[in-house]
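*Asks:* Each protein sequence line maps, in turn, to chains A and B.
The opening position of the first sequence corresponds to residue 651 in the numbering used here, with each subsequent residue numbered one higher.
The opening position of the second sequence corresponds to residue 1130 in the numbering used here, with each subsequent residue numbered one higher.
Derived by calculation from the structure, the hints in this document are not laboratory data.
One thing to keep in mind: the hints can contain errors.
Stated by the list, open to error - For each label pair, taking beta carbons as the anchor points, the in silico distance ranges come out as:
1) A/Met651 x B/Ala1406: 57 to 63 Å
2) B/Ser1211 x A/Arg972: 35 to 41 Å
3) A/Val811 x B/Gln1140: 56 to 62 Å
All C-beta atoms, glycine included, are put in the ideal place defined by N, C-alpha and C.
Here are the chains, one letter per residue:
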Amino acid sequence: MYPDERGRFGEFGGQYVPETLMSALRQLEDDYARLSQDDEFTAQLSEYLSTYSGRPTPLYYAKRLTELLGGPKIYLKREDLNHTGAHKINNTLGQGLLAKMTGKKRVIAETGAGQHGVASATVAALLGLECTVFMGEEDMARQALNVFRMRLLGAEVVPAVSGTKTLKDATNEAIRHWVQHVEDTYYIIGSVVGPHPYPMMVRNFQRIIGDETKEQILRQEGRLPDVILACVGGGSNAMGIFYPFVSDAHVRLIGVEAAGDGVETERHAASIAKGRKGVLHGSLTMLLQDADGQVLPAHSISAGLDYPGVGPEHAHLGATGRATYVPITDREALEAFSLLARVEGILPALESAHAVAHALKLAPGMQKDELLVISLSGRGDKDVEQVQPYFGGGNHAE
Amino acid sequence: MQSSGREHLEQRLRACAPERAAFIPFITAGDPDFSTSVQIALMLARHADAIEIGIPYSDPLADGPVIQEASLRALAAGMTMSRAFDLMRAVREQSDVPLIAFTYANPVMQAGFGVFMQSCRESGVSGVIVPDLPYEESDDLLAAADATGVALIPLLALTSRERIAKIAARAQGFAYCVSSLGVTGERSNFSAELRSFVQTVQQHAAVPTAVGFGVSTADHVRELAAFADGVVVGSAIVRRCGAMQPAAQSGDDATLRAQMEELERFCAGLAHAAVRAGAAS
Ligand SMILES: Cc1ncc(COP(=O)(O)O)c(C=O)c1O
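Bound-form chain B, shown alone:
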């Protein structure tokens, strides 16, 4: 029998330890366009342990300017929820990399919690992150997750404190630790409390623990890989995807190929940085 999305994701992340932390890049579906997005995801699949795919939303409250603009670009280029599922299905037809859909409460609610999770399963999506659906509001989506075997991946924040135990205990796929106060975006450094925060989450979660938001360089990845089970890199990659738009639009294949290669080198560097010091790679 085929494993559930949740199992697929958890197994892939667990398989990284102890040599390295999982590398989880993020891209926005349809940025700069549908087919380039698919190509980017397939390129990333060669380096990543899972890929987060943002389904663009008009009002991305948890995102900084880079991902906001990517979402608006993708929407303007005609991306929709159902096209995003087409895109994820297309990636999964050519790769077994676990995919994680990242989107907001309203589009999920409009699709219907059950229908949304069913679409995830049918498109080969292993997990879901909804950053504006906190623990208290997530019962319905959790029920749909359980019914489909798709993981509902919760976010935990530095301010979660006494909430950590209950959120982590119910985490599926992985527990997503938000690196610092704030929205997504590139940052120069992390909170001094991050390490102990992640370790607290690890004590309470039965699944791996990944850190994201603000992780933008190989040095960051190296620093976080020392204690986190996985590292998510978003804006630094999304910015490079966005830069492909002119070449993708004008059909300038040579430039697009060069940009894709540059992005691949960057991501290969990030994946390499996730290998823990002293481990044989």
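Bound-form chain A, shown alone:
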């Protein structure tokens, strides 16, 4: 059973944080252990997940996409249909309730694409909590609409101006702020990253994606899928859909990392493919870094995948070979983005488009009687403005 009592997934994970936070993490472990067994907590959470966020999300058979590719039956797990438009709210509802039930009045969050920030601001409004979101200055420009959404929801958005001004630095700022306000502030981490118990807790709040998928595919097809694909930034939607299938050894789990301009260039975010073991944001994981251990800037067109690290459980699944991790470039993601829009009438988030893009490569080589599930982690409305230059004025990605 991972993580072990030291918060490790094999050799990955742990708690590499300033001493000031250690007591808070221990408290969080205890609170989570208690509340995750508490009837009141679990009842409230499942009530919100269904009546507020709209779960269960459908497992949609993408018939036209299936026919176009001529391979396996392709199903889309429609996390884009959640309230706020992505899987992120599964986790923020869980952690928000945890904060509320442990008497915290204030939450903070980091965000890359803005989806986790929006989901945190939303839950803060729902539960009557104060909310501050840290966001890289560059991401604020890329995802201006989400900045405005967070402010409309009553959250304060603080630009992270240090370092690369993206998700990594927003996370640094959130941790620094937490160190200062640890006694009255709950930190809602947005992915399966950070010090123990976050990777475990976020995975457990996201595993509903995989639990539902399993039930739905068994109902619709009478068997488990052959392949599950999900994009990996920190890795929460992927861990969420993978986890219930980890012990089903014949189900292939494939995480899709952002390759930016290509993994052969210096501009990508493929931490597992191109990283080395290292410590970032409180855990030992796979990390893009130079020979001296300086963290290298990541690059992806998708702000939600633009992160030089990855959740420690993915590092572990990668090291043991239980899951494989493949790269998809900006350009491939853009092509998949537009293809899914035209073929299925679904605009995927640019993050999710990476998973779709790998399906386009994989499906033609698979059998027609096989089953492929794609985690469609979010919807693409937030990205429409950003992709406009690629598709307008004769610049159409083919």
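Let chain A serve as the given structure and place chain B with the ligand on it in line with the hints.
*Replies:* Coordinates of chain B with the ligand only, in the frame set by chain A:
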């Protein structure tokens, strides 16, 4: 036989009592550049009982804006782990002041815990602080510290509470008490609980106890020297080092000299403030 780094550091800190608290300034290696950094350290050595040298890291989680920017400046100017060791060796060749390397878990891990501690010993570094390597994660580095005689200096926080006993019991060099909740940076005042926190640590530690983070004025030093065995001053000094960059870059020696003198006056004032009231200095 030459004493170990750990002994060297502990002896120097203990020698301060009871007249004064130890004065431990912090600078970032290579800020504003290699040779100015060495000069600053040698100047500080005239006033300090030990010097903390930050080995710059891209993601300094425990640092506020002043030291973050210093780290980025130093990295941009070409500072690396091995250059930082060169720098510390250069300081130690001209001074016997104990040096303490301050850096983060990832660069230490990439160097290799054993190799890192060995480099410390070979460069004359007496102690090491890794702020994101808490008690639970520090066994491997501690083993390397023991093998080399270099001190692994642990941090303790106001929130440590029932953790204090075990952390302090295993402290080497000194026990580093973080003055308040938060990262490094200049602050105007300290927590009301600080004094009793430091005294609790003193009860459990066999080594001296120093306070750092936020200590930025002579008044602060005076206040803390009343109960702490040592006082660390970081951002207030680093800010002044950073201000030397334009003059250092343009070769404006007169300005650089004036800035160095101003920094020396400031540090001499801090060292003087560490002398306890009533003690003959
Ligand atoms: C729609 C969507 N998918 C995926 C991600 C990446 O996060 P994770 O890897 O934790 O699922 C994000 C992050 O912002 C997102 O908004």
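*Asks:* Now look at each hint and say whether the structure bears it out.
*Replies:* Okay, the hints, checked on the actual structure:
| no. | hint | result |
| --- | --- | --- |
| 1 | A/Met651 x B/Ala1406: 57 to 63 Å | holds (58 Å) |
| 2 | B/Ser1211 x A/Arg972: 35 to 41 Å | holds (38 Å) |
| 3 | A/Val811 x B/Gln1140: 56 to 62 Å | violated (43 Å) |
Hint 3 from the list above is the single one not met by this structure.
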